[in-house]
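Asker: Below are the chains, spelled out letter by letter.
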Amino acid sequence: MDHADVKKSVRTYLMIGAALFVFTGITVAVNQVHLAIPAAITVALIIAVVKGSMVASVFMHLSHEKRWIYGALILTVLGFLILMTVPGFTTMDNIGTPVHTAPAEHASH
Amino acid sequence: MNIPYTVEARPDSGLSNGKLGIWLFLASEVMLFGALFSTYIILRNGAVEWPHGELNVWLGMANTFILIASSVTMVMAWASLKLNDWGKHRLYLIATFVLAGVFLVNKYFEYSDHLARGEGPWHSTFLAIYFTLTGLHGLHIVGGMIVMLYFIGPGAKLWKKNPDQFANRIEYTGLYWHFVDLVWIFLFPVLYLL
Chain A
0 MDHADVKKSV RTYLMIGAAL FVFTGITVAV NQVHLAIPAA ITVALIIAVV
50 KGSMVASVFM HLSHEKRWIY GALILTVLGF LILMTVPGFT TMDNIGTPVH
100 TAPAEHASH
Chain B
0 MNIPYTVEAR PDSGLSNGKL GIWLFLASEV MLFGALFSTY IILRNGAVEW
50 PHGELNVWLG MANTFILIAS SVTMVMAWAS LKLNDWGKHR LYLIATFVLA
100 GVFLVNKYFE YSDHLARGEG PWHSTFLAIY FTLTGLHGLH IVGGMIVMLY
150 FIGPGAKLWK KNPDQFANRI EYTGLYWHFV DLVWIFLFPV LYLL
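Residue numbers (numbering that gives the first Met the number 0), protein chains in the order written: chain A, 0 to 108; chain B, 0 to 193.
Don't read these hints as lab results, they were simulated from the structure.
Predicted, not measured: the structure shown is a model, and the values here were computed from it.
One thing to keep in mind: the hints can contain errors.
Said to hold, decoys possible - DSBU-like mimics (lysine-lysine), calculated; alpha carbons at most 35 Å apart, straight line: (1) A:Lys6 to B:Lys159; (2) A:Lys65 to B:Lys156; (3) A:Lys65 to B:Lys160; (4) B:Lys160 to B:Lys87; (5) B:Lys156 to A:Lys7; (6) A:Lys6 to A:Lys65; (7) B:Lys160 to A:Lys6.
Unchecked claim - Simulated DEER-style distance windows between Cβ atoms: (8) B:Ala8 to A:Leu77: 24 to 30 Å; (9) A:Gly51 to B:Val56: 37 to 43 Å; (10) B:Trp85 to A:Phe20: 38 to 44 Å; (11) B:Lys159 to A:Leu44: 16 to 22 Å; (12) B:Asn44 to A:Leu34: 41 to 47 Å; (13) B:Tyr149 to A:Leu34: 41 to 47 Å; (14) A:Gly51 to B:Trp57: 18 to 24 Å; (15) B:Trp85 to A:Ile25: 36 to 42 Å; (16) A:Ala38 to B:Ala155: 46 to 52 Å; (17) B:His122 to A:Leu13: 18 to 24 Å.
Cβ coordinates follow ideal geometry from the N, Cα and C atoms, glycine included.
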């Protein structure tokens with residue numbers, strides 16, 4: 000990044016900082032409304048994802064990074080998504096639940 | 000022997016070694032916190048009841064504002080170096096360090112309030128994951144503060160010898176610091192609001 004680019008970026012950094020403040024305020028304000036749990040989780044996580052994307056793309060300069068960084072991050076995102084789906088497997092199995100089998104037919108001797 | 004590619008980019012990756020190194024480190028950090036978020040989901044799904052309103056939302060919100068402000072001052076510390084303004088760089092880096100300290104002081108008040116009521120990590124599943132997640136995050140804040148302190152103190156000498164390398168080091172410190180902010184952006188709603 001050259002001198003002129005950095006000068007332009009300074010304004011962007013301050014604006015993103017202000018936007019992050021506003022989004023934090025909105026998150027707390029929505030929480031005070033006491034939405035149903037699924038709606039509250041959805042809204043809070045959407046705002047958190049938006050805020051996180053702003054930090055990553057602007058402050059961490061991911062909006063104009065090199066291919067190697069994106070390559071490493073694609074693998075990371077894939078690993079992260081696997082980690083987030085792992086909890087689902089804990090409710091997919093039937094460990095601990097009684098297994099009901101049909102009564103066996105006894106052949107008469 | 001000098002370490003190669005500390006300032007200039009490698010011809011194959013187009014990146015300096017430090018830049019690639021810090022991003023690979025951050026990738027491993029994503030997996031570390033990801034595993035704990037995954038644990039949180041398992042514990043919450045398996046719980047008969049999940050407490051609401053146990054934590055002080057306003058203190059959590061104040062800490063979110065503090066960390067966002069510290070991210071802004073951190074990136075401004077790097078931008079000031081790129082603009083050759085050493086005085087502003089020092090000011091912004093010290094401000095980031097102070098804001099990190101204020102975050103920890105707030106956390107201390109939160110922790111001591113819980114512990115005074117006998118609500119330690121042993122008290123409930125929620126408090127166990129709360130102390131684990133925020134404790135690990137707090138350790139990352141302390142780590143960042145140590146690095147910042149080094150660049151405020153003895154590490155600052157590099158600016159005179161090799162300004163580009165020093166600016167790169169501040170950029171890597173910033174990348175780590177923004178990641179710490181990013182983790183808190185998710186921790187705050189997950190623990191304090193939901």
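Asker: What hints, given by number in increasing order, does this structure fail?
Answerer: 9, 10, 11, 12, 17
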